[in-house]
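K.L.:
One-letter residues, chain by chain:
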Amino acid sequence: MEQNESILRMEHVTKLYGPNRSEAIKMMKNGSEKEAVYKKTGCTVALWDVNLEIPKGQIFVIIGLSGSGKSTAVRCFNRLTTPTSGKVIFEGRNVHEMDKKELLEYRRNKISMVFQSFGLMSHRDVLGNVSYGLEVKGVAQSKREKIAEEFISMVGLNGWEHQSCEQLSGGMRQRVGIARALVNNPEVLLMDEPFSALDPLVRRDMQFELLQIQRKLKKTVVFITHDIDEAFKMGDVVCIMRDGKVVQIGTPEELSMNPADDYVRDFIESADKTKVLTVRNIMITPSCVVRLGDSMDRAILEMRRNNLSSVIVMDNELHPKGMLFIGEAIQARKDGKTIPQVLQTGINAVAEDTLISDAISIVTESSYPIAVTDESGTMLGIVTKASILSSLN
Amino acid sequence: MDWLFNFPDIFDLDTSAIDNAVRSFAVSAEGMLDVIKGGLNGLVNFIGMILMYIPWPVFLLLIFWAGWRIRKSLKSGILYAVLIFLIGAVGLWNLMRTTLSVVLASVAIALVIGIPIGILISNSEKANKIVRPILDTMQTMPVFVYLIPALLLFGTGNASGVIATVIYAVVPVIRLTSLGIRQVDKEVVEAAKSFGSTKGQLLRKVQIPQAMPTIMTGVNQTLMMAMAMVVTTSMIGVRGLGMEVLNAVNRIEIGRGLVAGSSVVILAIVLDRLTQGVVPNKRKSTEKPIDSTKNKKDGGPENGAK
Chain A
786 MEQNESILRM EHVTKLYGPN RSEAIKMMKN GSEKEAVYKK TGCTVALWDV NLEIPKGQIF
846 VIIGLSGSGK STAVRCFNRL TTPTSGKVIF EGRNVHEMDK KELLEYRRNK ISMVFQSFGL
906 MSHRDVLGNV SYGLEVKGVA QSKREKIAEE FISMVGLNGW EHQSCEQLSG GMRQRVGIAR
966 ALVNNPEVLL MDEPFSALDP LVRRDMQFEL LQIQRKLKKT VVFITHDIDE AFKMGDVVCI
1026 MRDGKVVQIG TPEELSMNPA DDYVRDFIES ADKTKVLTVR NIMITPSCVV RLGDSMDRAI
1086 LEMRRNNLSS VIVMDNELHP KGMLFIGEAI QARKDGKTIP QVLQTGINAV AEDTLISDAI
1146 SIVTESSYPI AVTDESGTML GIVTKASILS SLN
Chain B
352 MDWLFNFPDI FDLDTSAIDN AVRSFAVSAE GMLDVIKGGL NGLVNFIGMI LMYIPWPVFL
412 LLIFWAGWRI RKSLKSGILY AVLIFLIGAV GLWNLMRTTL SVVLASVAIA LVIGIPIGIL
472 ISNSEKANKI VRPILDTMQT MPVFVYLIPA LLLFGTGNAS GVIATVIYAV VPVIRLTSLG
532 IRQVDKEVVE AAKSFGSTKG QLLRKVQIPQ AMPTIMTGVN QTLMMAMAMV VTTSMIGVRG
592 LGMEVLNAVN RIEIGRGLVA GSSVVILAIV LDRLTQGVVP NKRKSTEKPI DSTKNKKDGG
652 PENGAK
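These protein sequence lines map, in sequence, to chains A and B. For my numbering, count along the first sequence from 1 and bump the result up by 785. For my numbering, count along the second sequence from 1 and bump the result up by 351.
Calculated directly from the structure, the hints in this document are not laboratory data. The reader is advised that the hints may include incorrect statements.
With a straight-line cut-off of 25 angstroms between C-alpha atoms, the simulated DMTMM-like cross-links for lysine to aspartate or glutamate are [claimed, not checked]: (1) Lys550(B) - Glu890(A); (2) Lys537(B) - Asp1012(A); (3) Lys556(B) - Glu890(A); (4) Lys556(B) - Asp910(A); (5) Lys556(B) - Glu946(A); (6) Lys423(B) - Glu951(A); (7) Lys1004(A) - Glu381(B); (8) Lys556(B) - Asp1159(A); (9) Lys550(B) - Asp884(A); (10) Lys537(B) - Glu890(A); (11) Lys537(B) - Glu978(A); (12) Lys931(A) - Asp884(A); (13) Lys886(A) - Asp353(B); (14) Lys537(B) - Asp1138(A); (15) Lys423(B) - Asp884(A); (16) Lys1018(A) - Asp990(A); (17) Lys550(B) - Glu972(A); (18) Lys895(A) - Asp1051(A); (19) Lys1001(A) - Glu946(A).
Derived DEER-like restraints, expressed as beta-carbon distance ranges [stated by the list, open to error]: (20) Gly551(B) - Leu1002(A): 52 to 58 angstroms; (21) Ala1045(A) - Lys480(B): 43 to 49 angstroms; (22) Ala478(B) - Arg1000(A): 35 to 41 angstroms; (23) Gln926(A) - Asp623(B): 35 to 41 angstroms; (24) Ile429(B) - Ala1171(A): 56 to 62 angstroms; (25) Gly551(B) - Arg806(A): 28 to 34 angstroms; (26) Ala1171(A) - Trp416(B): 25 to 31 angstroms; (27) Ile387(B) - His797(A): 33 to 39 angstroms; (28) Thr491(B) - Ser1055(A): 34 to 40 angstroms.
Backbone N, C-alpha and C fix where the C-beta goes; we use that ideal spot for every residue, glycine too.
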């Protein structure tokens, strides 16, 4: 991933909450831990001397456990939180030195935010929420609704414009949150654990969709998470924070290859299940079975019944022999051909003890499911892209 | 040893000085007080006049309609109309109208004063610290203590009654407005700020609408407390159902007192149900169906999006 110019920058940002700040600063400078400082002075060190460069047009992930300061950091970018000291620079201007008017301008046009528990206004419908950012800017109603509609359909909520937000599921609410954040066409999108409140299946879909949207719109995204899998999946650059300090910044590859310390190593190792699990753990039983000797009619019927466009054909010993596609099968029936005549042979199969990380490229490059076989070559199940993707989380 | 059991008089307070101060204020500020008095009387008379021009069958129909629409039940509408009809049927219709005009005027003033104060103290910790003990005082101070100065400053009649009622009834709307705004989800407020809302926009478009159910509870409570003052204020010459109760008590006419007292209760209950129904209904009616239809609705667009 090439390093672009940075659009947002944090320079020596420190944020303290509570009393005795000067004493706390002294202790921190002498190398005390956050815990110790809090016990001695009652002052919470949320951020300590944080320096960040957010590259333009990329997804910058900040990851850390709760209390690591990641939410405070992201709020410094749009001045929901004011740092005790340090600068936040957006395109050469210090965000915290802007006057009221400049700040409104900045928040209205340059930067927007998506929240962990969505932050939707329950007294407004979906359209009212999405168009809020335009409304405060003074865009005329008909125009703002037109723009809002566009983004509502971008996140796949067409037809839900006039639903109350309380009637939506978590995933749909966050879609509203994302549409609302995009509606002002901001340059930077701040996302504070946007998917943490969603269940795993929905979260996976949303991650994928966000990636698609980001690639399409080329927005700069600052993405907060506590989930290392999510961080690696989403992040062009990942920043690991601990106790209000930055521990390491790098691409997912760099972090995996050269963890700065044991903390980072533990963090990363806790994540990568694909290097532990084998395809046996994730394979599924094929829903339909077609043998070489079956009639073409039966093969077509089986596929139709299961809504499949292709099926793996096996011999009587259950060895996978090839793929049969519905289009070819129908043509073959007209021509009076048998299954072996139109079978696409030379298909990929993976052994059951293949690591998921090794199977990824085979499965993702193939446009149809891959057979999983045991030592003798007997088919045990299939793996699909979907099952690989879901294992990544 | 006597001194241990007899509390020493340390301050020799001259309470008559306070009396004199209030009296001399009443004299020196006569012009201003007259203006206020005139304004308050004008408001009460204005509302009274509107009520007077509504024929009683229309009034009952309005009660029925409001009960039906707000409580979403035909039965409630009929019940409230019948209850109010009973007040008229025992010959207290005009007194009820008088009472209603004083109560509505007091509530209107209480809301005009209370809601802005509530908003102010919800946003400012400093204002909150100053106002809270005052509110506590207003709520716990025996009503008669400020009936007397009200009487001194504004004389007997509706103006004093309205002022005493406002002092007593304004507290809940202040407290609940402030509470409602403070309780608005922090992320919702952050979201509104993050999109560049001005303070006014934040308040108008987000905080007040979000706090509306709680504010309406405050309005309801204020109305109820104003109703509770009906009999008390009759002591300073406010006419209406309260005066009827007071007269009955003075003459030990138990039956008359019971009838008038019941009318106050009926009026209070109907007003309470009508104002209570305005907001919480919205919450109750949307909450239940969400869960039951959630899964079905999930399926729609999410599948469509793939």
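K.L.:
So, for every hint listed, does it hold in this structure?
P.N.:
Here's how the hints hold up against the structure:
1. Lys550(B) - Glu890(A): holds (14 angstroms)
2. Lys537(B) - Asp1012(A): holds (24 angstroms)
3. Lys556(B) - Glu890(A): holds (19 angstroms)
4. Lys556(B) - Asp910(A): holds (13 angstroms)
5. Lys556(B) - Glu946(A): holds (19 angstroms)
6. Lys423(B) - Glu951(A): holds (21 angstroms)
7. Lys1004(A) - Glu381(B): violated (68 angstroms)
8. Lys556(B) - Asp1159(A): Violated, at about 63 angstroms.
9. Lys550(B) - Asp884(A): holds (14 angstroms)
10. Lys537(B) - Glu890(A): holds (22 angstroms)
11. Lys537(B) - Glu978(A): holds (15 angstroms)
12. Lys931(A) - Asp884(A): violated (31 angstroms)
13. Lys886(A) - Asp353(B): violated (72 angstroms)
14. Lys537(B) - Asp1138(A): violated (50 angstroms)
15. Lys423(B) - Asp884(A): Measuring from Cα to Cα gives roughly 50 angstroms; hence the hint is violated.
16. Lys1018(A) - Asp990(A): holds (12 angstroms)
17. Lys550(B) - Glu972(A): holds (24 angstroms)
18. Lys895(A) - Asp1051(A): Violated, at about 37 angstroms.
19. Lys1001(A) - Glu946(A): holds (23 angstroms)
20. Gly551(B) - Leu1002(A): 52 to 58 angstroms: violated (31 angstroms)
21. Ala1045(A) - Lys480(B): 43 to 49 angstroms: holds (48 angstroms)
22. Ala478(B) - Arg1000(A): 35 to 41 angstroms: At roughly 49 angstroms between Cβ atoms, Arg1000(A) and Ala478(B) fall outside 35 to 41 angstroms, so the hint is violated.
23. Gln926(A) - Asp623(B): 35 to 41 angstroms: Given a distance of about 38 angstroms, which is inside 35 to 41 angstroms, the answer is holds.
24. Ile429(B) - Ala1171(A): 56 to 62 angstroms: Given about 59 angstroms between the Cβ atoms, the range holds.
25. Gly551(B) - Arg806(A): 28 to 34 angstroms: holds (33 angstroms)
26. Ala1171(A) - Trp416(B): 25 to 31 angstroms: violated (57 angstroms)
27. Ile387(B) - His797(A): 33 to 39 angstroms: With Cβ atoms ~59 angstroms apart, the hint is violated.
28. Thr491(B) - Ser1055(A): 34 to 40 angstroms: violated (58 angstroms)
In terms of the numbered hints stated before, the structure departs from hints 7, 8, 12, 13, 14, 15, 18, 20, 22, 26, 27, 28, listed from lowest to highest.
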